[in-house]
Amino acid sequence: MTAVPTPRGARRTGEHPGWYRFRKNRPALIGLGLVLLIGLATLLAPWIAPYPHQIGPFVNFSAANQPPSWAHLMGTDTAGRDVLTRVLFGYRTSFLLMLVVLGIGVPLGVLLGLAAGYFGGWTEAILMRLTDVFLALPPLAVVLAVTSALAPSLGTAMLALAALWWTWYARLVHGLVRSIKKEDFILAARRSGASTGHILFREILPNIISTIAVKITLDAGFVILLGAGLSFLGLGARPPTPDLGTMVADGANYLPEMWWEAIFPGFAILVLILGFNLLGDGLRDYFDVEVL
Amino acid sequence: MTYLSYIANKLGLALLTLFGLSLIIFLISHVIPGDPARLELGPLATQAQVLNLRRELGLNLPLPVQYGNYLWGLLHGNFGISLVTQHNVWHDIATRLPATLELVLAATLLILVIGVPLGALAARYQNSWIDGLFRLLSIGGVVTPSFFAGILLQIVFGYFLNVLPVSGEVALGVPYSGHPTGMPVLDGLLRGNWPLFLNALRHLILPAVSLALADLGQVARITRASMIDVSRKEYVRAQRSYGLSDASMTFKYMLKPSFIPSLTLLGLAFASLLGNAFLVELVFSWPGIASYAAKAILQKDINAVMGVVLVFGVFFVVTNFLVDILAGYVNPRLRLGTQAEG
Amino acid sequence: MGRGKRYRTGRWAAALSIALMGFSASGLARSLTLNAVQTFGTIDPAKMTDYTQYLAVVNLYDDLVYASPSGKIIPHLASSWTVGDGGKAYTFKIRPGIRFHDGMPLTAADVVYSMRRLLAIDQGPAFLWQGVLKPSGVTQVGSNQVRFTLIHPYSPFLATLPLLFVLNEKQLVKHQKSGPYGKWGDYGQSWLLNHDAGSGPYTLRTFVDGSQVTFQRFAGYWMGWPKGAFNTVNVIFTNNDSTVLSLARTGRLQLTSQFQAPETYKTLASFPNWKVVKAPSNTIFYLKLNTQKPPTDSRRVRWAIAYAIHYATIQHSLYPGAAPRGLLAPPGSAFSNPNIPELHQDLAKAKAELAKSRYAGKKLHITLTYVAGTAFEQQVALLLQSDLAKIGIQVSIVPAPWNRITQLATSKSQTPNASEVFFGPTYPSPNSVFYTQYDSNAPHTWASMAWLHDPQVNRLIVQAQDASGFAQQKAIYDKLQAILFRLMPDVPLVVQTYEYGMLKSIHGYTYNPIQSFDMNFHNLYWAP
Amino acid sequence: MSSPSDLVLSAEGLQQSFAVARSVAGRTKGWLRVLRGVSLELARGEIFGLAGESGSGKSTLGRILAGIDRPLGGRLLLGGRDVFGDRLENSLLFKRTVQMVFQDPSSSLNPRRTTGQTLEVPLQVLRLARGQRSARVAELLDLVELDPRYALQYPSTLSGGQKQRVALARALALNPQVLILDEPTSALDVSVQAKIIKLLLRLRSQLGLSYVLISHDLSLMRNVADRTSVMYLGRIVEAGPTPRIFQGPQHPYTQMLLAAVPTLTPDEEALKPAKVQPVGEIPSPSRIPSGCSFHPRCPFAMPVCSDQAPPAVPKGEGQFAECHLGVPAGRA
Amino acid sequence: MAEALLELEGLRVEFRGPRGISRVLDGVSLRVAAGERVAVVGETGCGKSLTVLAILGLLPQGARFRGRLRLLGREVPAAEWGRSKRPLPGVAMVFQQPMSSLNPVFTVGDQLRAVARTLPHLRALPAPRLRARLLEVLSAVQLADGDRILRSYPFQLSGGMRQRILIALALLKEPKLLIADEPGTALDVTLQAEILGLLDHLVRTQQLALLHITHNLGVARATTDRVYVMYAGSVVEEAAAEQLFSSPLHPYTAGLMRSVPRLDGSGFGEGIDGTLPSYLEVDLGCRFRQRCTFRDSRCEEKPELSSPSPERRVACHHWELVRAAAALEERV
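Residue numbers (my numbering), protein chains in the order written: chain P, 1 to 292; chain F, 1 to 342; chain V, 1 to 528; chain G, 1 to 332; chain R, 1 to 332.
Simulated from the structure, these hints should not be mistaken for laboratory data. Bear in mind that the values here come from a model prediction, so they are computed numbers and not experimental data. Ideal placement from N, C-alpha and C gives every residue a C-beta, glycine not left out. Be aware that one or more of the hints could be misleading.
What the hints assert, rightly or not - Here are the computed lysine-lysine pairs in the DSS-like style, where the Cα-Cα straight-line distance is at most 27 angstroms:
#1 Lys-233(F) - Lys-256(F)
#2 Lys-24(P) - Lys-252(F)
#3 Lys-412(V) - Lys-474(V)
#4 Lys-315(G) - Lys-275(G)
#5 Lys-85(R) - Lys-252(F)
#6 Lys-278(V) - Lys-266(V)
#7 Lys-181(P) - Lys-233(F)
#8 Lys-182(P) - Lys-233(F)
#9 Lys-504(V) - Lys-275(V)
#10 Lys-256(F) - Lys-85(R)
#11 Lys-278(V) - Lys-72(V)
#12 Lys-252(F) - Lys-182(P)
#13 Lys-349(V) - Lys-479(V)
#14 Lys-181(P) - Lys-10(F)
#15 Lys-233(F) - Lys-85(R)
As the list claims (entries may be wrong) - So the derived list for chain F, only partly shown, Cβ under 7 angstroms to chain P, looks like this:
#16 Thr-17
#17 Gly-20
#18 Phe-26
#19 Trp-129
#20 Leu-136
#21 Leu-137
#22 Ala-271
#23 Leu-274
#24 Leu-279
#25 Val-305
#26 Gly-313
Generate coordinates for the entire structure from the input sequences, incorporating the hints supplied.
Below is the structure:
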């Protein structure tokens with residue numbers, strides 16, 4: 001007499017409800033659009049930048065400090081180079097920084113956080129004290145100290161940032177794991193004989209991956225922000241490699257007369273960070289997770 | 001657990017953190033391959049002079065011994081001699097810290113006085129145009145690099161409108177002795193020196209706003225989020241249904257419970273405030289500790305770097321300790337101790 | 001927004017802000033505010049090394065002798081002197097009636113104390129007299145004379161003496177703390193961190209860590225005061241050109257440093273009540289090439305570099321100044337070799353030199369450092385990078401803080417292939433140029449980043465030190481200059497022109513060949 | 001009492017405490033005494049009911065019986081072996097004997113794993129081949145009356161009852177002999193609860209399972225359990241065959257519980273003890289009253305009750321109660 | 001019938017979501033007379049709590065509602081209920097979660113005073129008299145030691161005390177109608193019984209009307225005069241308590257009652273197959289028909305509320321059949 005019930009929530013035709021919810025979040029869409037647009041422009045920079053040959057060792061002092069015009073939409077800098085071209089290529093430096101820092105910091109932090117949260121004990125105690133100590137250090141100051149100690153270059157800055165960054169993920173993942181490992185389903189999986197590896201990577205990780213993703217998106221903007229600060233202080237990419245923070249720092253010397261030299265690169269940083277933040281906020285709402 | 005043992009616990013953690021901090025700072029500063037002796041003697045000194053000074057400064061001892069000396073010195077308030085200014089680093093820091101403190105305090109005040117109520121208001125009018133405007137403002141604050149915000153403010157208020165000064169702490173024509181607090185705004189207020197107070201205040205506005213923006217946005221967002229979170233709580237629904245007024249709900253009965261996460265964030269925000277102070281002080285030629293540190297770092301002034309980063313770290317740890325205590329006060333469960341529940 | 005409108009609002013708001021700040025126009029008249037691009041590390045005459053330190057010291061203290069704008073040594077505290085014992089004994093007669101800031105008379109004993117102190121502390125200018133003078137060689141003769149007995153004859157000695165400043169012995173003894181100098185304790189070093197013990201035209205009024213410094217006119221100065229002299233001089237610190245402009249525009253700055261960007265001077269000159277004062281200096285902006293490191297160890301590569309540079313861009317737009325002839329500036333100097341030509345870009349010759357070098361056909365790569373944060377040095381670096389790319393030399397640019405450069409310079413292997421560096425004589429003698437930069441026996445510093453090791457050069461430098469008489473010296477220096485030009489250890493890029501922006505009503509600026517001695521505020525006065 | 005051969009699981013004098021407060025130095029300053037000496041025996045095919053209010057320690061007892069937590073004292077015996085003493089609680093042997101079903105099916109299923117993936121975890125332990133595993137998953141789903149299609153569904157698309165069936169299937173995957181059922185239906189509506197209980201009863205007879213049923217719902221207990229134990233503050237204060245407990249409750253606490261049960265018919269009403277009114281709340285396990293721990297709430301409390309813990313007094317047919325009221329004079 | 005205190009007619013509530021519009025309440029009508037005790041029962045998701053929220057003006061954002069509300073014979077404009085967030089005069093709510101319905105960071109006294117200040121008859125009282133009034137209310141809910149309680153934070157009090165404070169908060173208003181949403185459900189049975197007893201006492205002594213929302217049929221029977229049964233957003237049956245429990249007329253009510261385990265150990269029925277239909281589907285027929293054993297073609301048409309007897313209503317085409325089946329079962 002029991003009719004086989006139709007499972008609820010069977011896929012319906014038409015829009016996926018997740019995409020519908022995301023689509024309703026206009027800021028998140030704008031963020032996604034910005035990040036994709038800038039990412040694409042960065043990839044295609046050699047083809048879409050108006051003067052790609054000005055990226056290498058190039059100067060043209062006779063064309064220096066020209067205000068924005070049709071020929072130079074963002075004007076030219078003190079060495080006569082097209083600011084728009086340098087902004088487009090400057091994004092490459094920002095993306096590189098972000099990819100290296102997060103590419104090293106995130107996996108490391110997630111692994112350590114998983115270990116600390118799940119095993120507890122000494123692993124946890126040491127790791128968490130360590131993150132406390134790292135948290136007490138202003139990241140900018142530390143990176144500045146380390147980079148100037150080793151070599152004031154972008155590479156060292158990236159490594160120093162990565163060396164700091166894992167702590168945030170370790171902390172985040174540690175907290176998540178601690179709360180999730182008390183859930184009955186972990187207990188149940190353990191009672192049914194699941195291995196530790198299975199529990200960590202198949203049971204726990206899938207449940208926190210969305211939070212990590214949100215954190216990564218928000219952090220992408222933050223890393224770029226810090227990187228811009230570092231290059232503003234003179235620890236950016238080596239000339240002639242374009243670097244947005246360096247461009248702002250150089251241009252700031254000629255304010256307000258030659259405003260375009262600092263303002264456009266500054267807004268370029270801002271827009272990219274804005275993109276990542278809007279996207280991150282959108283994802284946070286979408287996944288309904290808490291990330292500081 | 002009682003409040004007292006809660007405090008003691010937090011204090012223990014803070015001390016432990018400080019110890020780790022000193023170790024890390026020491027290690028970082030001692031992988032610096034620079035030569036402070038060379039620096040002190042000036043560019044034209046001979047190698048023999050340099051070697052002599054290295055011995056004098058103890059730079060040729062093994063690292064653990066140097067760390068021991070360092071810690072011993074710290075405990076006696078001796079941060080070493082700054083190789084650039086030739087002063088005791090502690091003295092350098094003490095003379096510059098008030099300026100930074102003034103800036104950071106002003107920024108904190110802005111964050112608290114504007115950020116928290118703004119977040120509360122946005123949560124109250126969730127999804128309305130007020131909320132939209134607020135989100136725009138707060139995200140604008142978060143995504144604008146503080147140095148760029150500073151530059152923009154300089155252009156608008158310094159150059160175009162020319163209504164606010166764009167560099168320094170007080171104008172030169174205004175006599176200022178640096179006493180008693182070293183913070184001209186406060187000193188002007190304390191001594192009733194209104195020209196000084198007004199002048200210093202005007203100098204403070206742009207740097208403080210640039211510094212505050214990022215964390216203001218962040219704190220406002222957190223306040224908004226936790227207010228919304230709280231607004232979904234059973235007790236808020238209950239209190240609303242009793243007919244409590246909107247204002248008292250928003251600014252009292254919902255704000256206080258949602259203030260706790262904001263408070264924690266504010267503590268964490270201190271690290272970024274101090275970090276951003278580096279940039280803001282440079283942009284505004286602010287005579288604070290961060291620009292001293294930036295210079296010291298670039299010149300590999302080991303003692304000064306160690307001193308400043310340590311002071312920042314201590315500052316941060318102490319602030320967070322205070323935040324914890326305050327959180328304990330706001331949260332009666334921590335203050336009065338939990339009762340064991342069945 | 002149009003320019004006109006902006007300035008109108010600007011003026012209106014400036015008036016408002018001045019009113020709000022309670023500025024009094026009369027207060028501005030007798031006080032002078034200038035900016036410096038770095039803080040006062042020290043104001044101790046025994047430790048000074050850079051331009052701000054010299055600037056403080058020259059105003060707080062008096063030196064034994066002074067240099068005229070042309071570099072001639074003229075009496076100052078010493079009213080006259082004699083040289084004897086085959087050029088080994090210098091005896092100076094101290095001018096009577098000079099008083100220190102605390103009212104004590106300045107005596108020969110103070111001079112002895114000051115020189116011995118300088119030699120004992122062995123920092124700052126002490127290197128000038130290393131191997132030339134021992135503390136025991138400094139003696140008082142009679143009541144008002146001082147004698148320096150040199151180890152061996154040394155013709156540039158007199159020219160080095162403007163760097164000896166006289167301190168108040170009694171005052172320092174009163175304030176000295178224990179230290180490594182026996183009965184002299186710490187020689188008053190800690191007290192001098194934020195006090196002065198001089199007799200100079202100005203006294204120290206406030207000195208907060210070298211970052212807020214105010215000088216106060218010393219009414220009892222022995223040389224008297226011109227009408228309109230400044231009662232107080234404030235030095236503020238910023239290397240941010242836009243800040244300088246903003247301060248100048250709002251009347252809070254009356255005099256700029258000499259290190260502003262060319263664009264800034266242009267803007268300042270356009271202000272109705274401002275002028276830009278220029279003075280050709282004897283400082284040259286060099287591209288120093290490490291002659292011990294491949295590929296710049298090849299003379300031909302160095303010449304290829306020299307031919308590749310577009311000097312006109314540097315001399316006319318990046319850092320306006322005269323074209324140098326060889327390595328001794330200024331071209332009009334008495335010792336200058338007139339046969340040495342100016343350098344010009346010639347890419348064909350550059351390529352030819354390269355082809356003849358032992359690195360012909362190889363891909364060349366050099367590193368180039370400059371002082372981080374200096375806008376025009378960065379532009380010059382970019383220019384060099386682009387010019388050298390044209391002859392196939394790849395340049396990687398490494399901006400570094402000045403201290404880092406000075407440190408790299410002490411090691412042959414760490415010194416980069418090429419470095420952008422200013423060098424001016426420390427004292428008005430060609431010896432300062434040649435010995436410091438090119439004698440391989442001189443201490444290795446940022447000045448000798450060429451690491452030149454040439455026996456003939458060394459020999460000629462010593463010959464000139466021992467030589468007596470102008471003609472003899474001139475002949476030696478002519479030969480030396482010709483050899484150095486052929487070796488091309490440093491490429492002279494441009495002769496620095498001092499440029500100061502100042503209010504039109506400030507007068508009296510006088511060039512001086514030593515460091516920042518031209519910023520002796522005693523010369524300046526206000527005349528509307 | 002059951003004969004030893006019928007015994008599948010037994011516990012002797014189980015004790016459990018949790019630290020509540022620590023000083024700065026990490027020293028424990030207070031304890032929650034959650035279990036204070038609990039013994040029980042579970043026979044093959046039996047449903048053993050554990051009743052009590054929150055804070056009575058019944059869930060803690062359940063977790064120990066399922067091998068999840070180690071007790072601070074006492075023994076858990078399985079086939080004559082001391083489970084915790086021999087460190088068997090994580091062995092496959094124990095897992096294949098005792099499994100647990102949790103109260104809230106929403107939190108006992110991983111939201112990121114499909115039913116099939118969840119059910120395959122225990123099967124991997126058995127080293128079944130992939131084909132065998134999916135066949136077994138279908139079999140398990142069939143066992144709990146779910147369509148095999150559910151193997152591809154995530155928990156969020158299942159109703160509460162369906163989720164609890166999946167949880168039950170997982171518990172059965174290793175063919176255990178004993179299921180610890182911790183409030184298995186309290187998160188469900190009554191109409192669903194009836195279905196789940198029916199399923200549990202069917203499975204017991206079909207698979208010869210034994211259950212330890214933990215529930216605060218006395219009406220449910222009455223209809224399901226063979227034997228019922230009533231817990232109060234970490235002790236079993238009354239136990240016996242279910243009909244006897246409900247028809248002749250001896251302990252005042254049991255009587256109070258019964259008196260509080262909401263009922264649907266006058267017939268049921270008549271079964272409730274009239275003399276005892278529900279009063280007071282269960283105290284915290286950190287401050288357990290002296291003597292008989294129930295004495296502050298007991299309507300029949302005597303002076304002796306606050307001084308001495310009452311002994312377990314047999315009431316016949318395997319029923320006993322820990323109460324001074326039933327102690328023959330002179331023994332107290 | 002006594003004078004109607006509260007009349008709700010044809011309440012419809014809809015939410016717009018990603019998959020379309022869900023109609024969560026589909027024409028709910030309720031009536032409470034002065035001094036009357038009324039229960040609304042139903043399982044999770046039937047809409048009983050939402051109905052109360054609508055009356056109290058606490059519908060969530062994004063909800064759209066329609067319907068009429070009359071209070072003390074006066075029509076309440078749509079702006080003053082539903083989502084108005086303003087309390088209705090004379091109506092007070094007792095919340096169900098004693099652990100989460102009190103603000104954790106304010107003292108009990110603070111929270112009581114905050115409510116008192118919104119009430120015209122208490123607002124003007126000087127502090128000492130207000131305090132006396134608060135103590136009086138606390139003693140009305142049988143909380144002794146009022147001084148200490150006023151100074152306490154909620155976490156310092158036991159669950160039972162907190163539940164009493166929630167009642168006190170409602171009583172401050174001196175309401176005519178008390179709305180109680182699952183009071184005591186979160187508490188243990190003994191405590192729940194006490195709280196229900198207290199409510200009953202208050203209703204009788206202060207001549208209050210009570211609208212009691214509960215999922216527990218036994219609780220509804222024990223505390224009320226009249227019962228509404230809700231299913232899937234509609235009232236399916238309405239009757240005096242005794243009538244309803246002796247002879248349910250709606251198949252859902254009957255199935256629900258059969259699902260409840262009985263204290264007399266008489267076992268329990270099969271439960272009800274299937275699950276609640278989705279609110280997203282537009283359904284013109286009886287919403288219970290997929291789960292109903294009586295369904296036939298008539299059920300494709302939505303049944304209206306019919307009156308088998310005065311004061312009794314049922315929304316089923318087959319209510320007579322249900323009654324007959326029950327009678328038959330009784331005889332067997």
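Hints violated by the structure (numbers, ascending):
Violated: hints 2, 3, 12, 18, 19, 20 and 21.
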